[in-house]
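Student: One letter stands for each residue in the lines below.
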Amino acid sequence: MVKKITANRIRTLSKQDKSANEIVRQLRREGRGIRRATALAIIREERGPKHIAVYSKHRGTSKRYELYGTGKQLSSIMIDTVKHPPRKRITRVSAEKLKSYSQRSKYIDYKEEWDRRPTIKS
Amino acid sequence: MITKKSGIEDQQLRVNSFPNVILGDFHNNITKIDLDNCFSIKQPKHIANMVNNRFKLDGYIILQSSTKTHTIRNEELTEVVYRYKTRGYHLVFNRRVSESEIKSILAWLCLQLKDENLTKWFLMQCIKQTFTLRIGFKGKKIRPPKIVYHYGKQDKMIAKFLDNRQFILNLNGVKNVKTEKT
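So the protein sequences, as listed, match chains A and B. Residues 1 to 122 (our numbering) are what the first sequence spells out, left to right. Residues 1001 to 1182 (our numbering) are what the second sequence spells out, left to right.
I should point out that these hints are in silico values taken from the structure, not numbers from a laboratory. As the structure is a prediction and not an experimental result, all values here were calculated from the model. Heads up, some of the hints might be wrong.
Which bits of chain A does chain B cover? Going by a derived footprint, with three or more residues having C-beta under 8 angstroms, they are [stated by the list, open to error]:
(1) 53 to 66
(2) 69 to 80
(3) 98 to 110
Below, computed lysine to aspartate or glutamate pairings styled on EDC-like, alpha-carbon distance capped at 16 angstroms [as the list claims (entries may be wrong)]:
(4) Lys1068(B) - Glu1101(B)
(5) Lys1156(B) - Glu46(A)
(6) Lys15(A) - Asp1115(B)
(7) Lys1156(B) - Asp115(A)
(8) Lys18(A) - Glu45(A)
(9) Lys18(A) - Asp1163(B)
(10) Lys18(A) - Asp1155(B)
(11) Lys1140(B) - Glu46(A)
(12) Lys83(A) - Glu112(A)
(13) Lys1153(B) - Asp17(A)
(14) Lys72(A) - Asp1163(B)
(15) Lys1156(B) - Glu45(A)
(16) Lys15(A) - Asp1163(B)
From the three backbone atoms N, C-alpha and C, an ideal C-beta is built for every residue, glycine too.
Based on the provided sequences and hints, a complete structural model is requested.
Tutor: See the structure below:
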């Protein structure tokens, strides 16, 4: 369990646009050393997830992914979503759900590909 | 990232690594406005000030998205008589708002401006139930929107929007985006 004072200190430091490493170093200097993983959990909670939409056309119809999660989770999914369209027209999923490959094939249509250079009106 | 040495320092040829898709931000607690066919930055500035003062949205940033060239031809459609350019702008506001509040803000603005493009965009967002603005490239040539003006605080939702923007630009391999602040 993290002390309330430490958690609040992490929140205030993350509001000042400091990175996780800088926050951990700062806490160590103040005599409140904490593991990076536990600090990261609080920072992510404070900052909230990233919301990213990937949209284009597949066989003439517009389709879109609406993904949310941490940067690390999102960047691991992006490789697939940028290549292949979703099964449904609008797919809103958390990046955490798409972590495993078995779950990914539920939402991503691996047999198909996005149209080449379509004209999209956003 | 490809760099080109042609006299100007740090000139970067930004190449879109995903030309078949568009990447955007769809956070539903950020007030976003998409303005098309503006002749100068004065128009989006005036609109942003109007919305910011009326709904007390703390501050805003203006992003310049894409330019469009219009041509006027003569009656026989053989010669180009006049050419002019218009620009698209995106407005992002700082205060956190609910989804219903965004809808009310945009509906009010549509009534005030009577802009066909804005109304169409607003209706499309209502159909999709998310408010999306483009952050990344569009096709191979059209570059990501760049910041041209900012006013007021930028610590809440603008910071979040810029965080998302940086993430998408990093995905494309663009790391240092020069922002022009006026």
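Student: Against each hint, give a clear statement of whether it holds in the structure.
Tutor: Consistency of the hints with the structure:
Here the segment 53 to 66 of chain A counts 6 residues with a CB under 8 angstroms from a CB of chain B, which clears the bar of 3, and the coverage holds. Counting residues of the segment 69 to 80 of chain A whose C-beta sits closer than 8 angstroms to any C-beta of chain B gives 4, which meets the bar of three, so the coverage hint holds. Coverage of the segment 98 to 110 of chain A by chain B is violated [criterion: at least 3 residues with CB-CB distance below 8 angstroms; count 0]. With a C-alpha separation of about 31 angstroms, the suggested pairing of Lys1068(B) with Glu1101(B) is violated against the 16 angstroms cut-off.
Under the criterion of a C-alpha separation no larger than 16 angstroms, the hint pairing Lys1156(B) with Glu46(A) is consistent with the structure, at around 12 angstroms. For the hint linking Lys15(A) to Asp1115(B), the alpha-carbon distance of about 38 angstroms lies beyond 16 angstroms, and the restraint is violated. Only pairs whose Cα atoms come within 16 angstroms are accepted, and Lys1156(B) paired with Asp115(A) is rejected, the gap being roughly 37 angstroms. A distance of roughly 15 angstroms separates the Cα atoms of Lys18(A) and Glu45(A); the hinted pair therefore holds under the 16 angstroms criterion.
In summary, the hint linking Lys18(A) to Asp1163(B) is supported, as the alpha carbons are separated by about 13 angstroms, within the 16 angstroms threshold. Straight-line distance between C-alpha atoms of Lys18(A) and Asp1155(B) comes to about 13 angstroms, which keeps the hinted pair within the 16 angstroms bound. Restraint check for Lys1140(B) and Glu46(A): the C-alpha separation of about 36 angstroms exceeds 16 angstroms, so the hint is violated. As the CA atoms of Lys83(A) and Glu112(A) are separated by approximately 9 angstroms, the hinted pair is consistent with the 16 angstroms bound.
Proximity of Lys1153(B) to Asp17(A) is assessed by CA-CA distance (about 14 angstroms); at most 16 angstroms being required, the pair is judged to hold. For the hint linking Lys72(A) to Asp1163(B), the alpha-carbon distance of about 14 angstroms falls within 16 angstroms, and the restraint holds. A hinted pair counts as satisfied when its Cα atoms are at most 16 angstroms apart, and Lys1156(B) with Glu45(A) qualifies at roughly 15 angstroms. Proposed proximity of Lys15(A) and Asp1163(B) is supported: the alpha carbons are some 13 angstroms apart, at most 16 angstroms.
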